[in-house]
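Visitor: Sequences and hints are given; from them, build the entire structure.
Here are the chains, one letter per residue:
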Amino acid sequence: MTATGQPASPAPAPGAPDERLLRTSPLRRLLGRPELGSVVGAVAVFLFFAVVADSFLQASSFGTVLYAASTIGIMAAPVALLMIGGEFDLSAGVLVTSSALISSMFSYQMTANVWVGVFVSLLVTLAFGAFNGFMLTRTKLPSFIITLGTFLMLTGLNLGFTKLISGTVSTKSIGDMEGFGSARKVFASQLTIGGMELKVTILWWFVLVAIATWVLLRTRFGNWIFAVGGEAEAARAVGVPVIRTKIGLYLGVAFAAWVSGQHLLFSYDVVQSGEGVGNELTYIIAAVIGGCLITGGYGSAIGSAVGAFIFGMTSKGIVYAEWNPDWFKFFLGAMLLLATLLNAWVRKRAEATA
Amino acid sequence: MTATQALVELDDVSKFYGNIKALEHVSLEVHAGEITCVLGDNGAGKSTLIKIIAGLHRHDGGTFLIDGEETTLANPRDALDQGIATVYQDLAVVPLMPVWRNFFLGSEPTRGAGPLKRLDVRLMRETTRAALLRMGIDLRDVDQPIGTLSGGERQCVAIARAVHFGAKVLVLDEPTAALGVKQSGVVLKYVAAARDAGLGVVLITHNPHHAYLVGDRFVLLKRGVMSGSHTRDSITLDELTRQMAGGSELEELSHELERATGPAPGAAGS
Amino acid sequence: MGAVLAAVLGASLVGCSSTGGKRAEERAAQAAEGRSAVDTPRWTFAMVTHSGDGDTFWDIVQSGAKQAAVKDNINFLYSHHDEAQQQAQLVQAAIDKKVDGLIVTLAKPDAMKAVVAKATKAGIPVITVNSGSAESAEFGALTHIGQDESIAGEAVGDELDKRGRKKALCILHEQGNVGHEQRCDGAKKSFGGTLQNLYVDGTNMPDVQASIEAKLQSDKSIDAVVTLGAPFADAAVKAKDSAGSKAEIDTFDLNAKVATALKDGTLGFAVDQQPYLQGYEAVDLLWLHRYNRNALGGGLPVLTGPQIITADDASELAEYTKRGTR
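Chains as they are written, first to last, in full-length UniProt numbering: chain A, 1 to 354; chain B, 1 to 270; chain C, 1 to 326.
These aren't lab readings, by the way, just hints derived from the structure by calculation. In this text, all values refer to a predicted model and were calculated from it rather than measured experimentally. It is possible that part of the hints are untrue.
In silico lysine to aspartate or glutamate, EDC-like type, Cα no more than 20 Å apart, as pairs [to be verified]:
#1 A:K185 <-> C:D110
#2 A:K329 <-> C:D53
#3 A:K348 <-> B:D141
#4 C:K98 <-> A:D54
#5 B:K168 <-> B:D78
#6 A:K172 <-> C:E135
#7 C:K257 <-> C:D241
#8 C:K121 <-> C:E138
#9 A:K329 <-> C:D55
#10 A:K163 <-> C:D201
#11 B:K168 <-> B:D67
#12 A:K348 <-> B:D143
#13 C:K263 <-> C:E319
#14 C:K98 <-> A:E197
#15 A:K172 <-> C:D110
#16 C:K118 <-> C:E135
#17 C:K167 <-> C:D185
#18 C:K189 <-> C:E154
#19 C:K220 <-> C:D241
#20 C:K118 <-> A:E197
#21 C:K188 <-> C:D219
#22 C:K121 <-> A:E197
#23 A:K172 <-> C:E138
#24 C:K166 <-> C:D223
#25 C:K166 <-> C:D185
#26 C:K121 <-> C:E135
#27 A:K172 <-> C:D185
#28 C:K118 <-> C:E138
#29 C:K246 <-> C:E213
#30 A:K163 <-> C:D185
#31 A:K163 <-> C:D110
Cβ pair distances, simulated, as ranges [what the hints assert, rightly or not]:
#32 A:L191 <-> C:K189: 43 to 51 Å
#33 B:T110 <-> A:L141: 30 to 38 Å
#34 A:T111 <-> C:K121: 28 to 36 Å
#35 B:H25 <-> A:I145: 38 to 46 Å
#36 A:F48 <-> C:K189: 51 to 59 Å
Here are some chain B residues the structure puts well away from chain A; computed CB gaps all over 10 Å [to be verified]:
#37 D12
#38 F16
#39 G62
#40 F64
C-beta atoms are modelled at their ideal positions from N, C-alpha and C, and glycine is treated no differently.
Guide: Take a look at the structure:
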């Protein structure tokens, strides 16, 4: 019962190209990519701001845009995978704050090397992810409800614990503690290349997107993600471990939340306990703009990165263009609708010509 | 043609959901290179029977033998490992995934080790094309989403998949139910091809014409009870059609007319 | 020159109307009547605050800043975000734009530290407004314009004592705002009676009202409620009425509604920090710095509050609150 158990295929020269495959033009192949709509959108947004905002094209501005995009993109990549797997995580935004708070308060209260806190935070954050996945697969309730519950609980825990332990709503500074310097290098350092300040989060972002893409397209796990999101029952029937796959996806989100949380902490020494609320939607929007189907089974990690980049360009481009920022949300909403429509249209076209 | 040892044998099997009898005293045999047809109308217990053979449900009474040994299947994976592959009517595939990914879903071949362990994409693509070709399915592009294939083609891919993965027993749930006449014929051809490849096939259907075209043994279910079991040489198509209530109005009518001369066993229509 | 100015003002008129409605339009029209009184080059000043979306307080700050910008021939830019990280990114974007002056709020000082340092390093003068009086100088800002929240809180405590109150409630509508905590702590410190904190969700007005109502019902001995923002005073009044409580409602900050309520006695007193002044002075002081290297405050924060406003003052302020400058 293995794939290679069959005798060599008697089919005529399987390696030889089928002449009819030529009909699959590179263009159609491109049209079939889930991130196409977002790439078109990104180019449009880029050109738009390049024209209307003169400081948009500066190297330093580009560094700022990339940084803004990376803080969203780090989370958007695993959230995209989760959505491809057919689930949501509404707790992703506050989980970032929780992760930072745990790390900060553990180190401070225990007067430990901050790396100890960072490590403890990783474990606890992953535990929250596992909790989401476990509750989901156990109760069979929609992930919307489960993670809405965790979202609210975490919001309360963040504020409650922080006030209980620190006495105020933000944590105490851990900037003078042992290990802070090295941790800051890992999570919040920056590099200047040709007048462009590049934060280390951009590196984290690229690496995470690369890993997510690799996992999605080139591993068994990736195949299972598509399958559980596309048709969980069919996947189960052919032996895909649906529960393990979903829990794995929530762990992925938790890991990225940990990275983002540590960045937050080591950029600013202290953490505001009330923050992070609302960001979960930002991640989902980035993933959807990037071509993730809201019902699961379709999408890409690279698309989520493009979605995050559009976010970064729009939020900062409006500043460079000297516009009233009140319009930002409108822009974003319009972008979201356009991207989704474009995606639906492209997919329909691609399928019609198949 | 008749094997000495049945690949799968159900003997007096029953299944209850709480106090509801879903299936009672059903027996059937599946032999290599033969097609066993299970016929019944909606609600006759066909899907319960399938779920037992596929490992989704456990039977509550009777014996379930694989290669002559009594077993209880824990889950679908267990059934697959025992060589029983099931192709469901509508759950066969993940529509948005490319054909080749669907083909290997759940049994993906990999290369490399550790963190570099990855799908052998080349092998997967080529094997998919080759395996489909061997079944006589010539697909333009294995990269197209399987949802873009016709219903019959999808069934065929699923059958080819089962054959490729060395299934000994192929369970087909209503493969022709949603198909037109021509498509049904194509699917039946692949069912026969699977039989010729030496597999034992369980064909679930409510269409006696389709069943009689390819079947070697016929088991009739009615309201969870076995109402008849025949081999091909012991029954004619007319008799099978007659016993199999439901179907077209014409059959219903002739059935009514026949009852006037003398009721056949289990002829009460549902 | 005049045409450019007209175009810019026309644009700012379009921009204002998105948040402030009719009133903002009128205000911009008033501003448009003004002529720049100076002949300095057209500098660009950016203001980045921690305001959430659509906050009337910050509308008033902006209108002050815009008025000063017209007078001083300044291209004034405004952006805001209520999350520290996002606010820091917006400041960075302003630095990228190479603005000639920067006005920031330090509600979450640690998050702003690095980016403010970057601005001063890039030679951009920085003035902090509203919150952050303690950190302003340390971060390298020219000066701070705002109200010391602890002092403002203490003023409230004293005023409550003066009015013979015994048990007060401090309504915090923004969990996580250090300045708000300082206000309540300050009031607690100087107040002779007892003061309790109550957290409400400021983005959900019905919830604010319901929370206060529940608290007033459960504790009839509460005789004063202090809200930390003008819009919440109204909700507190409604809560008091439906809870049948006799508590006096007092509030931080001012708006048209509060002014009217003060006049008719629905509210006890208001503590104004003069947001208009914060915006106006920040722009004007930046201009003075660029033009003449002037500085105000002598290294100490320039305080715009607290100013206790009671029924007597309210009537003469009503006219200004109505046009959105107080």
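Visitor: Against the earlier hints, flag every one the structure doesn't satisfy and list their numbers going up.
Guide: none
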